[in-house]
Amino acid sequence: MSDVATHEFQFASAEHQRETAISGIWLFLASEALFFGPIFLSWIYARLADPSAFDAGARQTDLTIGIVNTALLIASSFAYGVGLASIQFGSRRRMVVWLLFACTLGLAFLGLKFGVEWRSDLEKGLFPGANFSIQGPTRNGAQLFFAFYFFSTALHGLHLIVGLGLVAWIISQARQFTPKRHTPVLIVGLYWTFIDIIWLVLFPLIYLIGRAS
Amino acid sequence: MTHSAAQVSYLDDGHTLRSWLLSTDHKRIAILYIVAITFFFFVGGVAAFLIRYNLISPNGLIGSAETYNRLFSMHGILMVWFFLVPAAPVTLGNFLTPLMLGARDLAFPRLNLLSWYLFVIAGFIALYAVVGGGVDTGWTFYTPLTSFYSKGHVVAAVVAIFIAGFSSIATGLNFIISIHKLRAPGMTWYKMPVFLWSLYATSVILVLATPVLAMTLLLLAFERIFGIGVFDPAIGGDPLLFQHLFWFYSHPAVYVMILPGFGVISEIIPAFSRKELFGYKFVVWASIAIAVIGFLVWGHHMFVAGTSLYSAIVFSLLSYMVAVPSAIKVFNWIGTMHKGYIRFDAPMLYAIGFIGLFTTGGLTGLFVAALAADVHLTQTYFVVAHFHYVMVGGMVSAYFAGFHFWWPKMTGRLYPEMWGRVGAILIFVGFNLTFFPQFLLGYLGMPRRYFAYPQHFEALNLLSSASAMVLAVGYLLPLGYFAWSLLYGERASANPWGATGLEWTTPSPPPTENFAVTPTVTQPPYQYEHAETVSHE
Amino acid sequence: MNGYVPSVTVEGREIDFLILALFVVSCAVLALVFGLILLYMIRYRDESGVYRGHPSGKTWRFEISWTAATLAVFFLLFIWGGDLYVRLFQPPADALQIYVVGKQWMWKVEHQGGQREINALHVPINRPIQLVMTSEDVIHDFSVPAFRIKHDVLPGRYETLWFRVEKPGTFELFCTQLCGVGHYSMTGEVVAMSQPDFENWLSGGAPAGQHEDMAAAGKELYAARGCSGCHGEGGVGGSPETTGVSAPALAGLIGSSVKLQTGATVTADEKFIRDCILTPDKTPVAGYPQIMPSFAGQISEEKVLRLIAYIKSLRSGNRT
Ligand code: HEA
Ligand code: HEA
Ligand code: CUA
Ligand SMILES: [Cu+2]
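Chains as they are written, first to last, in the working numbering: chain A, 1 to 213; chain B, 1001 to 1537; chain C, 2001 to 2320.
Because the hints were derived from the structure by calculation, they are not lab data.
Quick caveat, the model's predicted, so the values are computed rather than measured.
Some hints here could point you the wrong way.
Computed cross-link-like contacts, DSS-like style, restricted to lysine-lysine with a CA-CA straight-line distance of at most 27 Å [what the hints assert, rightly or not]:
# : chain 1 : residue 1 : chain 2 : residue 2
1 : C       : Lys2271   : C       : Lys2108
2 : C       : Lys2167   : C       : Lys2259
3 : B       : Lys1181   : B       : Lys1281
4 : A       : Lys180    : B       : Lys1181
5 : B       : Lys1151   : C       : Lys2108
According to the in silico footprint, chain B covers these stretches of chain A (three or more CB under 8 Å from chain B) [said to hold, decoys possible]:
# : segment
6 : 14-20
7 : 23-32
8 : 39-47
9 : 146-160
Every residue gets a Cβ at the ideal spot worked out from N, C-alpha and C, and that includes glycine.
Based on the sequences and whatever the hints tell you, model everything.
In structure tokens form, the structure reads like this:
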């Protein structure tokens, strides 16, 4: 493909199309933020109703995995950033390498989260319901915590999987992108970072607040 | 860019099914939406018909309370999420936004097509849920009834609304970005027609409130599937939290339903009064104010639900505040008619009907916003009458007004004017006779969502049910003459109403690329006094 | 009018008055709106040759004045409705308490004296009545149109509602929150009677065999469920010497302020006592070990209400 930018017929120029696409993704992210908003709010609200029992649930989580996972995600956003810079500076090959690296980190996150952490949570009987293993006075609050925990991590995981799909798609299309024409790389990057930011809110909710008191 | 020489009307640009179902042309997508929306309106209407049929007798004529509950749930769910919330934006909005902007299409045409598919898929799931399995929770899905006690296909219904929500978000996003980025040269913000402003305000709500509903419904589905969840009082969850989240979306959603109507009326009143819209900037900013304040009043649905007295007071005050911009609009429309040259074509009749019915509905909103009065009136037919006045008397009339107004543009045909006027008057009369009695019923204490009711409410219910037949005829009539006009209607010129606005400068029906040459805007909208600026540039 | 029942409470009449005011304002606005539209439709119809004058210049005068007028009217209505609402939900201190439990699809009522009724509520006139209401399953709503009041009834909470009836009579009672298939059938009646009639009813009219005083029934439960094993006979409190465990005294508890381990101080009302019984971990009283078991799922809402009635009857205690 040549570097001469084309554009769809409703736009005046390729630059116009690019700006429009980028505004679009920002608005979409605003919408996504409001999508996650209610969980965060109800999370805080539910904890306030019965902090001690709620926190008893939170203390059953695996802080080490949480920290490692956070590091993985931050690193992968960073890797994506370097990939984006690479294409801007003209190296398509380096972009692919860094994006692959970002993907790997994302996959590692998923593996740890669902393969290791969830599995051990389930084995420990932490899924709310009749078989919930925490007994005694904190049982209800802890169940409430784990309802939030499983719900929100599953949802975040789904977003991450979609994100991985998008990054894979970018990699597969790498040949199209040039220093001047790489809007999709930028857009997917914004989404990828957004998932990361959601996790940065979930992380303290899941692992830290309950341990703080 | 390829076909500029011979301008093909968008209707003739391909005749295969494929050329419709895979078209990214906003005009074709609008037509696809019209088909879908009309369908859901009539399914919802059949449910309304059966509701009214049941209520003819105090003992209920349908014979089963469960069926009745399913009927009004189906009616509410379909009418709100599959008819009125999307209706005006996805049909009129889709068709007109690029035309009014002087653009060739929306910013993201493929997203637009995707949102139609999402909508249709969601619609089928919803039909499966409410017709196939039945949902008896009302459109409000209050927990713990919905999460633990109700039988029926709640999860399917919730999934359907979830998907429809994403369709709404995609549409709203498309409009906002298009309005920001695709305005024709010279079209500054204050030169935009009010319809686009109101669509903009609507889209802001769609994009920012719908995701909250989506998440709330997911939490609800989780709770129902796993038998445990965050709204469950048994483990310390709070059922009122669900109501807060639900109304945080659903109150703004009622403004999604009315704002496009305000836009339509603001186009029609000047066109048929031959006069500039009175107080353009006030009308515009009133829409924005409604969209913003509308986010802060959700608690007025919970005045007797067990929230604190203080929050109730704040929500009541804010509800009065959000009513002020509506008042501003009503007065500006009347101001527009002052010293005009008023003509009474069907769109104008619908528009005038809208002002009357919306004002009545809005004023009764003030009854239920007054805390103590709401204590008596809430959960009765008074509320039912309130929202039918604003939604059906108001918005559906505005939708019909817009439909008649732009029908020649969309199809290139004129509808039979005489029948149009008959329909408008029939709907106005039938509507009032159907729903005014419900205000009285509500004041007398008849609870809503009752399959059977005490004997002494019978007379008014009978009146309401009988009049609903008139209303039904009123709604079926347009279906008939619109269909007729598609085949036999007179051909329409580019600007049959002599209206202003870029959409009237291009042929009816417009060519696929809308404008042969991108127009340049020099005038503010609604310059009716100056005859030389009317269309034909 | 068909089925019209004039309000039989003072507050109800005030609500009626507010609604009337709203109605009058609405009529005035509608007359204005419809009047102007009709006038313009006739005077400025296209064919009419009436002189339109010069198009008036742009002015904000109109906008400002109608916005201000609307705001003023709205503000008055808001104040009126808000003030009345606050009074509507603040019970007088001497109100007679009656307990109400909603359940799919019936209302269960229990009087202080243990008289129970279903889908009916007998009350004396000219006396403030306070209903303490809860639900066993979904959300219901206790609504009496003749009193112009209603309130939701939620599981896991106590909501209250008060009224004072002025005239004897029988009034419709509705459940006005969708609560499932039988929602429409969750109706009943409120019977208001003179004080002597009411007392007669209490002692004879209520169904026989269910005549035990609520507090007395609570006392039996208190022993049967082992409360006395920790809190002592008569709720005097327990200590390692007397009952073997240290547990707070319950006599005099109601209305006192309780310090929690979290540092918060709460007033012990019905809801608090209920929580202590069903979810003791949420209400850890300062200075005691957290050993009280939860009775959730073992004691029904109705029985909890009896325990509360019993604890409330123990007023003589030496709590601060
Ligand atoms: C299109 C939809 C729509 C619109 C526009 C509105 C508009 C308004 N609504 Fe309505 N409402 C609903 C749809 C809508 N509503 C629905 C669906 C429900 C019930 C849901 C359910 O429970 O199932 C509901 C319920 C509802 C309630 C809860 C009732 C209850 O459950 O107890 C309340 C309470 O405050 C309320 C208030 C208002 C107010 C103050 C307005 C205002 O915005 C109205 C403003 C307009 C005017 C006021 C008229 C014009 C003004 C003038 C001409 C000015 C002059 C006036 C004076 C000087 C007095 N609405
Ligand atoms: C948003 C749009 C909307 C629209 C357009 C309507 C339109 C109508 N509604 Fe609806 N209604 C709601 C939204 C809407 N409603 C909502 C949200 C609820 C609350 C649900 C809940 O409680 O959860 C409700 C509840 C509701 C109730 C209260 C039920 C109850 O609480 O028990 C009633 C009762 O009269 C009613 C009646 C009607 C009628 C007569 C119409 C008419 O205007 C409809 C007219 C149209 C037609 C009649 C269709 C055309 C004619 C035919 C298809 C032919 C006739 C059919 C046969 C011969 C079989 N509606
Ligand atoms: Cu109980 Cu409706
Ligand atoms: Cu509202």
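Verification of the hints:
1. C/Lys2271 / C/Lys2108: With Cα atoms ~18 Å apart, C/Lys2271 and C/Lys2108 stay inside 27 Å; holds.
2. C/Lys2167 / C/Lys2259: Violated - the C-alpha atoms of C/Lys2259 and C/Lys2167 are around 44 Å apart, more than 27 Å.
3. B/Lys1181 / B/Lys1281: Holds, at about 21 Å.
4. A/Lys180 / B/Lys1181: Holds, at about 21 Å.
5. B/Lys1151 / C/Lys2108: Roughly 25 Å between the alpha carbons, so the hint for B/Lys1151 and C/Lys2108 holds.
6. 14-20: With 3 residues closer than 8 Å to chain B, the segment 14-20 of chain A meets the three-residue bar; holds.
7. 23-32: Holds, because 7 residues of the segment 23-32 of chain A bring their Cβ atoms closer than 8 Å to Cβ atoms of chain B.
8. 39-47: holds (count 4)
9. 146-160: With 4 residues in contact (Cβ-Cβ under 8 Å with chain B), the coverage given for the segment 146-160 of chain A holds.
Taken one by one, the earlier hints fail for this structure only at number 2.
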